[in-house]
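> One-letter residues, chain by chain:
There are 2 protein chains.
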Amino acid sequence: MVGAVTRIVDYEADSSPWSAREAELLAATLQLLQQHGYERLTVDAVAATAKASKATVYRRWPSKGELVLAAFIEGVRCAAVRPDTGSLREDLLRLGEAITEHAAKHSATIRAVMVEVSRDPALREAMQHQFLDQRKALIESVLQHAVDRGEIKAEAITEELWDLMPGYLIFRSIVPNRPPDRQTVRVIVDNVLIPSLTRPIS
Amino acid sequence: MVGAVTRIVDYEADSSPWSAREAELLAATLQLLQQHGYERLTVDAVAATAKASKATVYRRWPSKGELVLAAFIEGVRCAAVRPDTGSLREDLLRLGEAITEHAAKHSATIRAVMVEVSRDPALREAMQHQFLDQRKALIESVLQHAVDRGEIKAEAITEELWDLMPGYLIFRSIVPNRPPDRQTVRVIVDNVLIPSLTRPIS
Numbered sequence: 001m002v003g004a005v006t007r008i009v010d011y012e013a014d015s016s017p018w019s020a021r022e023a024e025l026l027a028a029t030l031q032l033l034q035q036h037g038y039e040r041l042t043v044d045a046v047a048a049t050a051k052a053s054k055a056t057v058y059r060r061w062p063s064k065g066e067l068v069l070a071a072f073i074e075g076v077r078c079a080a081v082r083p084d085t086g087s088l089r090e091d092l093l094r095l096g097e098a099i100t101e102h103a104a105k106h107s108a109t110i111r112a113v114m115v116e117v118s119r120d121p122a123l124r125e126a127m128q129h130q131f132l133d134q135r136k137a138l139i140e141s142v143l144q145h146a147v148d149r150g151e152i153k154a155e156a157i158t159e160e161l162w163d164l165m166p167g168y169l170i171f172r173s174i175v176p177n178r179p180p181d182r183q184t185v186r187v188i189v190d191n192v193l194i195p196s197l198t199r200p201i202s
Numbered sequence: 001m002v003g004a005v006t007r008i009v010d011y012e013a014d015s016s017p018w019s020a021r022e023a024e025l026l027a028a029t030l031q032l033l034q035q036h037g038y039e040r041l042t043v044d045a046v047a048a049t050a051k052a053s054k055a056t057v058y059r060r061w062p063s064k065g066e067l068v069l070a071a072f073i074e075g076v077r078c079a080a081v082r083p084d085t086g087s088l089r090e091d092l093l094r095l096g097e098a099i100t101e102h103a104a105k106h107s108a109t110i111r112a113v114m115v116e117v118s119r120d121p122a123l124r125e126a127m128q129h130q131f132l133d134q135r136k137a138l139i140e141s142v143l144q145h146a147v148d149r150g151e152i153k154a155e156a157i158t159e160e161l162w163d164l165m166p167g168y169l170i171f172r173s174i175v176p177n178r179p180p181d182r183q184t185v186r187v188i189v190d191n192v193l194i195p196s197l198t199r200p201i202s
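As they're listed, the protein sequences go chains A and B.
With full-length UniProt numbering applied, the first sequence covers 1 to 202.
With full-length UniProt numbering applied, the second sequence covers 1 to 202.
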């Protein structure tokens, strides 16, 4: 487990840690995952699609798990929004809609990533440092801006529940028959998150 | 796809659709899943552990996916609580704690079930009718009791979000490094669900 994982140090929230060529390989991986699923993905197919040698792919990502996790994270990074509309409600709606759209496209990949990550401590580390930490910081900054504008009180933020909306939307995307949509996001924001963040604090 | 799936009709929320012998096979399956994970589970091992013939197992559950889904659902049924404490907050805490405890024990099985169910429409149907419908009815009855007691208004219930707490807790159980605990349940109930369900309705 080297390759992807040792790149943690240089990783910044909004900039890609990959070269243009590497990003192409990851985009090809994500596309093949979407078309054929995790089980049927092969490094051969990724190399062929991106017109690279297998050795090139393996040098960067020594295992299929690493390759898929890197492709997933890079895909999220490309689709990420960093909303700053001046309104907490609007910021949350945009975040929720971006998550919903992305998860709808990549639900099979998300399921596979969860299985692979659960098996491998190094992948778990990579996911934590290259992905979850940035998502948490992003949501905390949206909430902090709302505090700065006087929309909510800092004490109303429950730090532990930073991933309540993304977690629920992802859950809905990976269970059967209930893909979330814009209306789902609207009711989470209006009926749950805003009432929670503006509740009276004793 | 017959076997497990065709039993839908007779299934009731709180009663097992299985004979004592079948329930033993499902308990053995769940135990082996916990010990060795989905990939390494074999029907041979289930039959050996429960001292049954492979043919007996295959007759009831023609595929590994069906066997595992049935074991998962039966495990949840056995661990299920149907709280009726007279207080919405207490009912929600008990529900959340039961889900947390169960998901902590069976996170690998939940991940595997999500992958299998996503691949197979018949398993998806079974999950919907033998599991999700009952869970929804249970949570709706807890909320309805709170309406009957005058704790909340019926209009404050967002039907679409009936699985917000279980969904988030299960999400937390299957992603790395963030298993939920009693404190997680407490903040969801006190800081999110109760403020949402008691928000002013215009």
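Hints are not guaranteed to be accurate.
Repeated chains share a single entry, so a pair holds when one copy, or any two copies, can fit it.
Stated by the list, open to error - Listed next, the in silico DSS-like pairs over lysine-lysine satisfying Cα-Cα at most 30 Å (straight line):
{"no.": "1", "residue 1": "Lys-153", "residue 2": "Lys-54"}
{"no.": "2", "residue 1": "Lys-153", "residue 2": "Lys-105"}
{"no.": "3", "residue 1": "Lys-136", "residue 2": "Lys-54"}
{"no.": "4", "residue 1": "Lys-64", "residue 2": "Lys-105"}
{"no.": "5", "residue 1": "Lys-51", "residue 2": "Lys-153"}
{"no.": "6", "residue 1": "Lys-64", "residue 2": "Lys-136"}
{"no.": "7", "residue 1": "Lys-136", "residue 2": "Lys-51"}
{"no.": "8", "residue 1": "Lys-136", "residue 2": "Lys-153"}
{"no.": "9", "residue 1": "Lys-153", "residue 2": "Lys-64"}
{"no.": "10", "residue 1": "Lys-105", "residue 2": "Lys-136"}
{"no.": "11", "residue 1": "Lys-64", "residue 2": "Lys-54"}
{"no.": "12", "residue 1": "Lys-105", "residue 2": "Lys-51"}
Quick caveat, the hints were computed from the structure, so don't treat them as lab data.
> With reference to the structure, classify each hint as holding or not holding.
Results for each hint:
1. Lys-153 <-> Lys-54: Neither way: Lys-153 and Lys-54 sit 53 Å apart in one copy and 61 Å across, limit 30 Å.
2. Lys-153 <-> Lys-105: neither (36 Å within a copy, 37 Å between copies)
3. Lys-136 <-> Lys-54: Neither, since 35 Å and 48 Å both go past 30 Å.
4. Lys-64 <-> Lys-105: both (20 Å within a copy, 27 Å between copies)
5. Lys-51 <-> Lys-153: The answer is neither: 53 Å in one copy and 61 Å across copies each exceed 30 Å.
6. Lys-64 <-> Lys-136: Answer is within: at 26 Å inside a copy they meet the 30 Å cutoff, but 37 Å across does not.
7. Lys-136 <-> Lys-51: Answer is neither; intra-copy 36 Å and inter-copy 49 Å both fail.
8. Lys-136 <-> Lys-153: within (19 Å within a copy, 34 Å between copies)
9. Lys-153 <-> Lys-64: Classified as neither; 45 Å inside a copy, 51 Å across copies.
10. Lys-105 <-> Lys-136: Both ways: Lys-105 and Lys-136 sit 22 Å apart in one copy and 26 Å across, limit 30 Å.
11. Lys-64 <-> Lys-54: Answer is within; shortest intra-copy Cα gap is 12 Å, inter-copy 34 Å.
12. Lys-105 <-> Lys-51: Only inside one copy: Lys-105 and Lys-51 sit 24 Å apart there, 44 Å across copies, limit 30 Å.
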